[in-house]
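Student: Chains as they are written, first to last, in our numbering: chain P, -19 to 252; chain D, 548 to 837; chain W, 13 to 276.
Keep in mind that the hints were calculated from the coordinates and are not lab data.
All C-beta atoms, glycine included, are put in the ideal place defined by N, C-alpha and C.
Don't take each hint at face value.
Stated by the list, open to error - The following residues of chain D were derived to be distant from chain W, with all beta-carbon distances above 10 Å:
| id | residue |
| --- | --- |
| 1 | Arg607 |
| 2 | Leu645 |
| 3 | Val668 |
| 4 | Ser780 |
| 5 | Trp792 |
As the list claims (entries may be wrong) - Sample of chain W residues at the chain D side, in silico, Cβ under 8 Å:
| id | residue |
| --- | --- |
| 6 | Arg93 |
| 7 | Ser104 |
| 8 | Trp110 |
| 9 | Pro120 |
| 10 | Gln122 |
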Amino acid sequence: MTTEGVTLAEEPDSKDSGKRLPIGVVLTPTIFFAAFLAIWELAVRLGDVQVLMLPAPSVIWSRFIKDFGLLVELAVNTGTEAGKGVLIGSFIAIGLAGLVHGIGWLNQGLLSYSSTVKALPVVALYPVMTIFFGVTSKAVVAMVAVGVAPIMFTFASRGFSGTSEHDDLMRSISANWRIRMTALVLPRALPYVMAGLRTAVPLSIIISIISEYFGGSVSTLGAYIRRESTMLHTVQVWSAIVMACLLGVLVFVAVSLLDRYFLRWHSSRRET
Amino acid sequence: MSKTDLGSSPVLSEESEDISNPIGERLRAGIRQILVAIFLLVIAAALWELAKFVTGTGDRTMPHVWDILAFLGSTTSQNENYTWFLVKNAWSTAKASLVGLLVGTVFGLTTGISIARSKFVGNGLMPLIVAAQAVPIVAIAPALVLWLGTGGVTKTVITTYLTFFPVTVATARGIQSVPQESHELLQTYGASKRTSLRLLEIPFASPLIFVGLETAAAFSVVGAIVAELPFGSKEGLGVVILTSWQFYITEPRALYCVALTSCVLGAIFVLSVRLVAYFALGPRSQGEVL
Amino acid sequence: MAGESETLGLHAAKLGKRFSSKGGDVQALEEVDLEVKQGGFMSIIGPSGCGKSTLLRAFSDLVEPSTGEISVNGKMPAEARAAREFGVVFQSPNLLPWRTVLRNVTLPLQVMGVDRPTRNQTALEMLELVGLGSFARHHPWQLSGGMQQRVAIARALSTNPSVLLMDEPFGALDEITRDRLNLELMRIWGQLSATILFITHSITEAVFLSSQIAVMSSRPGRITELIDVNLPYPRNTETRDMPEFYELVIEVRRALVEASAVAS
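Let the hints inform the model, and build the full structure from the sequences given.
Tutor: In structure tokens, the structure reads:
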């Protein structure tokens, strides 16, 4: 049964399968999500759970709608901090990867390092950041940059390390450094950079919210969540969480779209 | 049916690649990596001192490296060796991380397998799981404390939550990428689902599962520290971080020490997973140990 | 199946297979009749996508036919599979990279629940048979493509099947390696008395190996011609220099051209 399904699906209509999204891909998660919400709602109502403990989805939703303007403002501020951090972190990481990619042992060393730096607990480092930047928005940006840089370094360094027949081609036409960079090295590294961003950007949102939670600019999602939770405004906290998830999904979609645009020539992106 | 006799055809002897002693080579590579890592640590310390010197930053913001290290030898107000104090708290955090990591891994593996096995469950759960990773756990932590108190249960729930997702996603992706041909191979032998899980799917997916486990290990430490932060916990690195932060003006070195300890704990967790992968997978492990 | 006086190694009668999908139905096989005597060597040759692999997959119980009858040693493919009547060699070696060569060969026996000493011994014998006895402890990546495919053959033989189903096993190899493996296969076939169904799109390979060649046309996939290969066994390098060999090559090529003319 299964074997047939796979083998024949590929044969006759591989060309137009990309355009038509199978209903299941959209419908099934929706059903699961709806079921999840329904169980939550029922559990809260039937179990007579206090709002303080866990509000029902319907209650959270109405609060979310009510505070929508405020939440958007908070999300924009959080997103801006995360975005700045990603830009700075990526810039440093890609630059560094470009600089050391010729030096094998140093590159290797930094690679093994950055794979360990990824394990560093953000929450432990944020207080240190505030020593340098004060309890400000800058500390949040710096924290995001520090969190994002090792990921981007790993991916960028992989992108720079590729050699191919194209190098021979460039040599055979005596291309100068600038042409080699713009026509070959950078485009070849681009898929890796984009792959790095797909991991780094959603992570940057989480890092900035955690950082904001401990201090930083006042009108951000993290700070709002902390303020409301100390006052036991559970519904407000949950509506901010909904906003945070939406923001996470939004940036993920945005990166995927960018990825698709920049890498439309890349073979792996053609079908999906 | 006329058939050949044995000797008439030449027996082939194609050459295979020579395999040199892989264990010795891997050991040497490992030692080289450790040396490079130590070298880079020294470089980092030197850069720290250089930056301090060039910018003229005071000892309050950037204490000397040796001052920070020396502080590890001091005694706390409870007349305790500071290093011992840190290790004790780190151990408390580590226990919570480990429990959460184990529980999260068990849940993650089972969920990942069922996602890979059933198209319906996979289609339905996968996007939700990816989205659920965006939930900032610090935000839910206060609510959890209301239900479960500040004890070990809250810690376990938070660390389990954080470790569950990377393992689930890695397991599902790993099993889904088993080539169709390999499935058919086992099918022709009439292997049961359970047999092909054991002989094919788990071994095939394990390099990817270990990558997910590495992420999970890092998250488990973060989760345990987060769980210790705001809720009247008695011990753990999270508590020490908060108190050191509060008394930063009087003793800046304490904050650096606890931040470093947290980093070391995170690194130990990740490196342990990598070490296990290294021995479990042999040449198939994704990266080097360090 | 019923009424045969002698049990055939492989038998298909009016076999049809229709794949339905969103893009419309594809008739992969239509009215295919095929008989291979026990111990016979049948090659199936035809253009890409003519359904020859589907035919083999129907025998190996990976595809269920839509119409017609099919049997392996007089049994339904599913029964034959349960009784380990056949072994399959796939297009790629399909070895599990984390297992040593020996443990790749023991895989089917492990699935069957054979105890470890027995299955190791059987696997070693099979590896000796394909000339790779000294590579038992190697991993697949340490072997060349041709050697890997020989391991795959050893694996297919490990359950001691009386039928071997081979789906373009040497298609991905270079011509020199392929010629050597063809000789090797002849030697192995000489030692066992297995029925072999061999899918290929190399004409010389088909002529060199088979006692009979079935030529297939595509869309719908059907057998257009059966050619008997009356070259003497044992076959060896000299076989390829015989004038009869060339005549047969020419005949198969003509049959292939006619088959494609029928299709278009």
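Student: If you take the shortest Cβ to Cβ gap from Ser104 of chain W to chain D, is it below 8 Å?
Tutor: Holds - the Cβ of Ser104 of chain W comes within 8 Å of chain D, reaching about 6 Å at its closest.
Student: Closest CB-CB distance from Ser780 of chain D to chain W, is it above 10 Å?
Tutor: Nearest chain W Cβ is 43 Å from Ser780 of chain D, so the label holds.
Student: Tell me if the interface restraint on Trp110 of chain W is satisfied: Cβ within less than 8 Å of some Cβ in chain D.
Tutor: holds, 5 Å
Student: For the hint on Gln122 of chain W, just tell me whether its beta-carbon gets within less than 8 Å of chain D.
Tutor: holds, 7 Å
Student: Hold the hint about Pro120 of chain W up to the distance rule: shortest CB distance to chain D must be less than 8 Å.
Tutor: Holds: closest Cβ of chain D sits about 5 Å from Pro120 of chain W, inside 8 Å.
Student: Would Val668 of chain D pass as off the interface with chain W, using Cβ distances and a cut of 10 Å?
Tutor: Non-interface label on Val668 of chain D holds, nearest chain W Cβ at 23 Å vs cutoff 10 Å.
Student: Trp792 of chain D: least C-beta distance to chain W exceeds 10 Å?
Tutor: Non-interface label on Trp792 of chain D holds, nearest chain W Cβ at 47 Å vs cutoff 10 Å.
Student: Checking a non-interface call: every C-beta of chain W should be farther than 10 Å from the C-beta of Arg607 of chain D. Is that right?
Tutor: Holds, since 55 Å exceeds 10 Å.
Student: Can the hint on Arg93 of chain W be confirmed by a CB-to-CB distance to chain D that is less than 8 Å?
Tutor: holds, 6 Å
Student: Using Cβ atoms and 10 Å as the threshold, tell me whether Leu645 of chain D really stays out of contact range of chain W.
Tutor: Leu645 of chain D is indeed farther than 10 Å from all Cβ atoms of chain W, at 27 Å.
Hint check: no violations occur; every hint is consistent with the structure.
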